[in-house]
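Student: Each chain, written out:
Number of protein chains: 2
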Amino acid sequence: MTSNREIHLASRPSGWPVEENFRLVETDVPTPGPGQIVVRNQYMSVDPYMRGRMDDVKSYVPPYALDAPLDGGAIGEVVASEAPEVAVGDTVLHGLGWREYALLDATGARKVDPALAPASAYLSVLGMPGLTAYAGLLEVAAMKPGETVFVSAAAGSVGSLVGQIAKLKGAGRVIGSAGSAAKVERLRALGFDAAFDYHDGPVRESLRAAAPDGLDVYFDNVGGDHLEAAISALNVHGRVAICGMIAQYNATEPPAAPRNLSLVIGKRLTLRGFLVRDHNNVRETFVRDVAGWLREGRLSYDETVVDGIENAPAAFLGLLRGENLGKMLVRV
Amino acid sequence: MTSNREIHLASRPSGWPVEENFRLVETDVPTPGPGQIVVRNQYMSVDPYMRGRMDDVKSYVPPYALDAPLDGGAIGEVVASEAPEVAVGDTVLHGLGWREYALLDATGARKVDPALAPASAYLSVLGMPGLTAYAGLLEVAAMKPGETVFVSAAAGSVGSLVGQIAKLKGAGRVIGSAGSAAKVERLRALGFDAAFDYHDGPVRESLRAAAPDGLDVYFDNVGGDHLEAAISALNVHGRVAICGMIAQYNATEPPAAPRNLSLVIGKRLTLRGFLVRDHNNVRETFVRDVAGWLREGRLSYDETVVDGIENAPAAFLGLLRGENLGKMLVRV
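Listed in order, the protein sequences are those of chains A and B.
In terms of our numbering, the first sequence has 192 at position 192, counting the first letter as 1, and numbering is strictly consecutive.
In terms of our numbering, the second sequence has 258 at position 258, counting the first letter as 1, and numbering is strictly consecutive.
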């Protein structure tokens with residue numbers, strides 16, 4: 001416990017990020033002040049939304065600063081505490097990933113029980129991606145039993161849970177799209193009724209074949225041609241929960257937008273963007289449902305784990321290229 | 001009462017319709033069979049949605065047939081009846097415009113009281129455009145007091161009511177866009193807090209100047225650059241009621257879509273297309289509210305009236321070019 005390594009943003013990416021946008025920096029392990037704790041991170045999360053924070057634009061979260069550590073979801077063990085409510089040895093969830101040791105106010109940490117679930121699960125199925133899937137599908141898109149649901153990036157951390165939760169909540173038919181044959185195979189194993197590789201042809205045609213009777217709900221992680229295809233396939237009173245548009249996060253030009261948007265009138269479609277932070281009101285039922293399904297073995301979750309803080313940039317770049325199955329994590 | 005004139009669709013328009021797409025046809029005045037009535041139309045409505053029905057595409061209403069009369073909202077006096085519940089002399093609202101005499105089942109007609117309001121009002125402020133404005137603003141966009149509302153095509157039959165109803169229901173600020181200086185002047189007279197001519201510069205800039213603190217609600221009649229500008233200007237949790245996209249009804253190419261659609265995520269925007277026919281549940285409160293406002297002189301409505309069934313195509317073409325102030329009607 002003599003040195004700490006962290007990842008700084010060395011320069012802002014233009015288009016696709018590259019390794020040179022990141023810098024591994026060695027610092028001292030911090031010492032907590034009053035009310036503070038030091039956490040040795042065990043896992044940190046890399047997420048698509050982080051790409052947006054690398055640009056210097058106003059958004060719903062402030063941009064990352066240059067020459068300073070990145071941040072994001074992480075879980076670890078408290079190794080020093082000057083806060084009475086947190087003890088050394090506690091496992092806590094917090095927002096200062098991208099570093100080996102995190103110094104933070106104890107109020108910014110949430111204690112979790114590592115006996116209930118593996119630490120990594122709090123960053124995936126029981127964490128932000130899980131709640132995103134649950135709230136987006138059931139609250140934002142208001143899925144009802146019997147409906148047909150389509151989710152893009154379906155082999156990712158959020159998408160794979162959306163599809164499974166839809167089935168568990170009584171969806172009539174669940175369709176997923178993903179970026180490789182192996183992912184498509186995995187979706188079938190997870191219980192998706194249909195799945196396709198979006199490289200295999202126009203999304204519109206693949207979707208029509210997979211959903212001959214149309215869609216009621218589309219959970220959008222991708223934007224672009226997926227959204228356009230879904231708008232065409234949606235039935236009257238269909239809903240779109242817009243969670244992400246990863247297809248365009250690295251675009252340097254404004255993206256092509258759905259050119260069939262006027263269909264929303266005749267079909268009375270609803271498109272709703274959402275952020276998980278608005279949906280803490282369902283966290284309790286989410287945890288109860290998901291913990292129950294995990295216990296009963298009815299819900300699976302995949303993790304792709306990369307070892308070593310020095311490989312966090314590579315993990316992030318891999319995530320943007322879709323190299324993950326399920327949640328992409330860095331074991332620190 | 002020896003001959004009847006009606007307008008047929010002679011050919012399907014490609015892009016902007018022209019007079020040659022229509023044909024004036026002389027027929028006999030029909031005779032009612034059992035349960036039927038004959039109505040001498042006094043006013044007929046021309047509406048933007050009719051443009052879509054001139055194309056041979058599947059939509060929420062069937063396309064108009066070639067070499068057959070067009071149809072649409074109309075009001076007139078019953079001149080012959082073989083239905084016990086409707087008497088000669090009654091004034092009825094029905095769906096067979098574009099002709100001087102309409103033959104229809106009595107079940108397809110709704111009796112109205114011509115003493116309560118001028119007949120034309122049942123095709124505008126008290127009719128479909130009025131309910132569209134009311135339900136779109138208050139139900140679909142769920143406007144709340146104090147909010148900032150923007151409406152496009154604001155000098156049209158729906159738009160002018162949206163803006164006034166917003167003020168009457170306590171909107172903090174109401175902004176309208178229209179297509180001429182005279183219309184902009186009219187909007188100011190109607191009580192809009194700000195109004196601009198969209199020819200005067202990029203909509204995005206005009207809107208930013210008119211709504212420096214952003215928008216909460218956008219009532220979209222136009223699509224295209226108006227929708228894109230509104231998405232940029234909307235505040236967190238803003239809502240868009242999508243009523244029409246007249247900017248693209250005559251497009252022969254797929255229209256440019258909003259290229260900033262990914263903003264819906266961070267701002268948690270909701271975009272909802274709607275059709276007035278789904279909102280009959282608010283018809284009663286709509287009639288009560290609007291009749292009250294009219295009685296109290298707090299709500300104005302404009303009508304642009306063209307005389308003669310033979311001029312109905314010209315009235316429709318004028319509507320598409322924005323030559324109307326308020327509701328465009330044909331006095332038959």
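Some clues are possibly wrong.
No distinction is drawn between identical chains; accordingly, a pair holds when it is met within one copy or between any pair of copies.
[As the list claims (entries may be wrong)] Straight-line C-alpha distance at most 30 Å; calculated DSBU-like pairs for lysine-lysine: (1) Lys267 - Lys58; (2) Lys169 - Lys58; (3) Lys144 - Lys267; (4) Lys111 - Lys144; (5) Lys267 - Lys169.
Source of the hints: derived by calculation from the structure; they are not laboratory data.
Student: Give a verdict on every hint.
Tutor: Here's how the hints hold up against the structure:
Taking the closest pair of Cα atoms, Lys267 and Lys58 come within 30 Å of each other only across two copies (11 Å); inside a single copy the shortest separation is 34 Å, beyond that limit. Neither within a single protomer nor between protomers do Lys169 and Lys58 lie at most 30 Å apart by alpha-carbon distance, with minima of 37 Å and 33 Å respectively. Within a single copy, Lys144 and Lys267 get their C-alpha atoms as close as 18 Å, and across copies as close as 26 Å, so both meet the 30 Å cut-off. Taking the shortest alpha-carbon separations for Lys111 and Lys144, neither the intra-copy value of 34 Å nor the inter-copy value of 39 Å comes in at or below 30 Å.
Proximity of Lys267 to Lys169 under the C-alpha cut-off of 30 Å is found in both arrangements, the shortest distances being 25 Å within a copy and 28 Å between copies.
Comparing the model with each numbered hint stated earlier shows that hints 2 and 4 do not hold.
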